[in-house]
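**Q** Chain residues, written in single-letter form:
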Amino acid sequence: MNQRNFLFAVLLLATYVLVPAVFGDNNYVMGLIISALIVAGIAIAWALLGNLGGMVSFGHAAFFGVGSYASALLTMKLGWPVLLAMPMAGLIAVLFSAAMLPALRLSGPYFALAILAYAQIFRILATEMDWLTQGAKGLSRIPTLPVLFGIDLGSRSGSYLVIVTLLAAFIACYAWVRRSHYGTALRAMHDSEQATRVVGVNSVMLKAWMLFLSAFMTGVIGAFNAHTINFLEPDYAFGGGWSVLPIVAAIFGGYRTLSGPVIGALCIYLIDQLLFKSLLPTGHQIMLGVLLAAMILFAPDGLLPLFRRRHA
Amino acid sequence: MLELANVTVQFGGLSAVKDVSLRMGSDEMVGLVGPNGAGKTTLFNVISGLVKPIHGRVLFDGVDVMHEPDYKRARLGLGRTFQIPQPMHELTVRENLVVAQRFGAGRVDAARIDEILELLQLTEQAGRDAATGLALQELKRLEVAKALATEPKLLLLDEVLAGLETQGKRLFMEKLREVHARYRIGILIIEHDIETISSLCPRVVVLDFGQIIADGTPQQVFNDPAVIRSYTGVEHA
Amino acid sequence: MAELILQALYSGLLNGGVYALMAIGLALSFGTMRVINLAHGELVLLAAYMAYVVESRLDLSPLAAIPLAMAVACAGSALVYLLVARIRKNRELNSLMLSFAIGIIITNAVLLIWSGDIHSTGSVSLQEAVQLGSLYSMRSELYGFLASLVLVTLLWQWLAKSWYGRAVRAVSSQRDAAKLMGINPAKTELISFLVAGLLAGCAGVALYSSSVIQPSLGHALTVKAFIITVLAGVGSVPGVLAASVLLGITEALTVTLWSSAVQELAGMLLFLLVLFVLPNGLFGAARRRA
Amino acid sequence: MKQRLLWTTLAAAALSLPTFAEEFAVGVQIPLTGAQARAGTGMYEGIQTAAELFNKGNAKHKIKLAVVDDESNPAKAVSAVEKLAAQGVVAFVGGFASNIIGPASDASNKLGLVYMTAGGVDNDLTRRGYKTFFRVNNTRGYEKAVVTLLGELGVKSVSVVYSTKEATADLAKDLEAALGPKGIKVSMHAFDPAITDFKPIINKIKLQDKPEVIFMSAYENDYVGIIRAAKVLKPEVKAVIGVWSLATAKMAKDFPDLMPNVYGTSMLPHPVEFKQAEGRLFAETYKRLFNKEPDYQAQFGYVKGQLLFEAIARSADAGTLKKGGLADELRKTNRDTLIGRVTFDASGDNPNFQQRIGQHQAGGKIVIVSPKNEASGVAVFPGLPW
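Protein chains in written order, with this note's numbering: chain A, 1 to 312; chain B, 313 to 549; chain C, 550 to 839; chain D, 840 to 1225.
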């Protein structure tokens, strides 16, 4: 076992055992960490689309909202078990993302804002289709995560284990794609799409796959959130915050790295809630804005690469 | 193996290629010549699927590929290079070839990649960043290497020899002959220099104003009065 | 029914005028620098708050705030430009994120300074009903529309005739070629951002005079302005006005013929439709976007 | 500034205490930023007033407020509840919108702590049957108020303009269901909260519905837009009626020419004329603390705080506070308050709740005009802002 793997094993152990052991009794801290990890989950999905697919999205709330409503409705109306409904919600988010395929032809800001338009459209549809979604009133009393192997996944520590596992799976999947030939081809497509196509790469298809994968991840995270907060309404489920915060987190941590989005999300969320909020009770998000602007100006690759460079 | 039938391309009302028909066999090496703006590159773009003709057909290996997108044509065996080299950015030279092989040929074969690198004298540069770490000559060789890695049946080379000094050009020509012989593939090559093309290709096609004005051995073609007129520009002056 | 539709068309037309004031600055800075200023809506909002300050503190008409609003929006726009111009790496994404961050800062600064209360003009004369035949509007809306017509025409002429205008157009189509012609792209870009700021200032005053402002509004304004920019296509000033009116009328007709709950839906669908079917926008110069 | 004021008053109160006073921490989870910041802030000021008055009039028990801003976000509201619970609060008071009160009171119920609220009017909240959940107002109380007013005015047709937000859409639909059987013609117009030009809607009402009354279930910014559009198009109606955040002194001051004769729910007339001594004391204290007139949010905040603090004192006296007796003690509440009689049923709802309706009248006054027995003046009807 080399040093890197050893470090990784220690980190994994600490994540799974140490965190719940230390903070397990403190619902507040666990709650904050879970909220931060939810943002981290979307941030990974966003970074995957941004880094591998080369597409910046301003509307990941669309997938998040669809995933959360899908899982809530599957469990409430059809009586599906929560743990089955969650992956299904991811697939339904993929289904909805298929409606965005025409947007893949668009570049840069056009794609970003087209996805934002989708998020708005989905929000309005969720409000208008009240026979299914109960409209603006929203859904309450959504089932919580079940008890599995004697662990109450609905408890704070249990939910923590679920979200950590989801994140680990996402990162593993992301790492695999990135290392594969698909990842190499995707990397090549950013600045040289035509050159990549004429050697046989179906660039649109690859991008579509990244969109699907990103939508799936975000949908599953949305479903997880629905079952932990037990409540949904269109303005909340499709709220701009689900699009914005993960972007800030991913950029902050370094969106081209695997762990950057997670570290970014933890930093941003915890600093904001524990520090900025006590310094500036109203409008503390101004500090987030300042932080983001400073990062882009002075460390555009994010925190993680900055840190690595210093220690290289 | 390649057959163009009555291909016509228009850009904003102007015909770039007019009613071009052409056949070439699987082991031929054909030169495509003509003055600037004659439609040579446009013809390449039609063959490789980057430009849609307003009418006409492209058959490859007896199959109509008109409705196949560019990447599928690459997989079918149509490899091409660009006049201005287009390496795949953010990738090393070797990765360029790996992607081309994996997606163009549908398989991974490191030995063959080594062989191509060796053949095009890129072994030393294999680990360099393709977009930023290569000189122009190396970039041109990488263009050919990438196309070869897709294991094509027909190679479309767009001015790969232009801009090279005499020594480099002779070397490259040898490489092309070697490629042609070793992999038994057809080559259609755009080249300006009459001398070069005459020594390289047993058959030459001349394009002017989007139309084929001559097709034959270099001897026949370059003695054709129409070709001479177009080359000396008598009519255009 | 005819009367309903006529009034909807009229309302949509007047709204479109104010939309155009908001969008044209964004379109201009996007055209020259290929940078979408995601803080543009927040600048408009900031200008609107200047009108509020002038009206509530100095007891003057909001119209008297135009110079102050223009100055503040110009300064903000110039600041965005100077910061964005510092970005070297991955400009497209990073400039989006940077201007977005500036937007967050402005929104929260407005919240901290003026709290979350809603504000709008109290001026009786601006709110007065104006009747044209069987068509009704508020006086401020009519003013806003006329101001928009005048400013758009001026801008159009300026871009077409003046040296700077030609420079702006040159830089937006061919930055490097423009450099060879002795045009300083940085200066030209700064000028286009300043002009965008001036227009945002007017838009802010128009906004305060005809509708209700609150701190969280800025982002929605940016999105609307961007939608119009896409509808119009890059590089056409009258196109922006036409696209704004089209959006305004689409919205008003949606309310009249269907339901006001889906007004935003109609705008978004129009946006996507144009984006997918006419990649150069309705009036844009032919240029591929993908 | 407000916080410093509070601290000074708390400190002053602490100095004057007999040393044996027992102090209880009460958690306040409320929106101070985000979409519901305005309402949340008003309500928080009312709660602070209740704490101030309680501490002054009660030598044996002291209430200490610990506040966390929920940023109008459900996850952060849950965090707030958990954070406050970890600090050892004995109960919660707060919340504004139902969608946030829901998850927050779920969390407090899990912790076995009482959650007292006044904002969220959604019926689903009380359908959960929590023993720990209490609420002094509900949609039904607003609906009753509007139905009563329309009855008293003898209105036969109404056009409802409502925002597709949770509380506004809820009320509009409940009202539609309640008015239909009474033979009143109702036409519904939903609008997206993002829209600003209401002329097309008002024109539909003017030319197609031709109702006697326009009813708005919306928020401040929408009211301004709707009334402006109505002033421009002048539909032939007899009254313009809204709900929350409309019949307030602030609206009268900010939009003096839009408000005349407009109706809205309001517990208090303006200038405040309290009939009982308690009301006068509340208004004086509020004015001293915050240097402005109390509005209806402050009043709800005050009542929910007051009832909770009193129950805490009773429960502490009975020695049941630490044993989960607070909920039982709170359920025994039966008293007249600034918002009328309050009792709690098994689900924690206040069945007596009925809003009152105020009307903006001459001189920037707000006069309570309905129900008749609570009225402080006579309705101007027909009466319009134009």
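FYI, nobody ran anything at the bench for these hints, they're computed from the structure.
One should not assume that every hint holds.
Stated by the list, open to error - What follows is a list of derived Cβ distance ranges for each label pair:
#, chain 1, residue 1, chain 2, residue 2, range
1, A, 297, B, 478, 26 to 34 angstroms
2, A, 173, B, 511, 49 to 57 angstroms
3, D, 951, A, 24, 36 to 44 angstroms
4, A, 84, D, 864, 40 to 48 angstroms
To be verified - Below, a sample of chain D positions facing chain A; criterion: calculated Cβ distance under 8 angstroms:
#, residue
5, 872
6, 898
7, 914
8, 917
9, 922
10, 927
11, 929
12, 963
13, 965
14, 1009
15, 1047
16, 1221
As the list claims (entries may be wrong) - In silico SDA-like cross-links for lysine to any residue, where the CA-CA straight-line distance does not exceed 25 angstroms:
#, chain 1, residue 1, chain 2, residue 2
17, D, 1126, D, 1091
18, D, 995, C, 671
19, C, 638, A, 287
20, A, 277, C, 663
21, D, 1077, C, 671
22, D, 1021, D, 1211
23, C, 638, A, 54
24, D, 1073, D, 1092
25, D, 1073, C, 613
26, D, 1024, A, 131
27, D, 949, A, 152
28, D, 949, A, 83
29, D, 983, D, 1073
30, D, 1024, A, 282
31, B, 487, B, 476
32, D, 1049, C, 664
33, C, 638, A, 152
34, D, 1089, C, 681
35, D, 1131, C, 613
36, D, 949, A, 282
37, D, 1114, D, 1026
38, D, 1211, D, 1019
39, D, 903, A, 278
40, D, 1073, C, 664
C-beta atoms are modelled at their ideal positions from N, C-alpha and C, and glycine is treated no differently.
**Q** If you draw a straight line from the CA of residue 638 (chain C) to the CA of residue 54 (chain A), is it 25 angstroms or shorter?
**A** holds (15 angstroms)
**Q** With the threshold set at 25 angstroms, check whether the alpha-carbon distance from residue 1024 (chain D) to residue 282 (chain A) stays at or below it.
**A** violated (45 angstroms)
**Q** Taken at face value, is the distance from the CA of residue 1091 (chain D) to the CA of residue 1126 (chain D) at most 25 angstroms?
**A** Answer holds: residue 1126 (chain D) to residue 1091 (chain D) is near 18 angstroms, not above 25 angstroms.
**Q** Is residue 983 (chain D) close enough to residue 1073 (chain D), meaning Cα to Cα at most 25 angstroms?
**A** violated (28 angstroms)
**Q** Need the status of pair residue 1131 (chain D), residue 613 (chain C): alpha-carbon distance at most 25 angstroms?
**A** violated (30 angstroms)
**Q** Check whether the Cα positions of residue 1024 (chain D) and residue 131 (chain A) lie no farther apart than 25 angstroms.
**A** holds (24 angstroms)
**Q** Does the beta carbon distance between residue 173 (chain A) and residue 511 (chain B) stay inside 49 to 57 angstroms, or does it fall outside?
**A** holds (55 angstroms)
**Q** Go through the hint on residue 1047 (chain D) and say holds or violated, using the shortest Cβ distance to chain A against 8 angstroms.
**A** Hint on residue 1047 (chain D): violated, closest Cβ of chain A at ~21 angstroms, above 8 angstroms.
**Q** Starting from residue 1021 (chain D), check that the Cα of residue 1211 (chain D) is at most 25 angstroms away, please.
**A** holds (19 angstroms)
**Q** Between residue 1073 (chain D) and residue 1092 (chain D), is the straight-line Cα distance small enough, at 25 angstroms or below?
**A** Since the Cα atoms of residue 1073 (chain D) and residue 1092 (chain D) sit roughly 23 angstroms apart, the hinted pair holds (cutoff 25 angstroms).
**Q** For residue 1073 (chain D) and residue 664 (chain C), compute the direct alpha-carbon distance and say whether it is at most 25 angstroms.
**A** violated (33 angstroms)
**Q** Using Cβ atoms only, decide whether residue 917 (chain D) comes closer than 8 angstroms to chain A, and label the hint accordingly.
**A** holds (6 angstroms)
Of the numbered hints stated above, those contradicted by the structure are hints 1, 3, 6, 10, 11, 13, 15, 16, 18, 25, 29, 30, 32, 33, 34, 35, 36, 37, 40, listed in ascending order.
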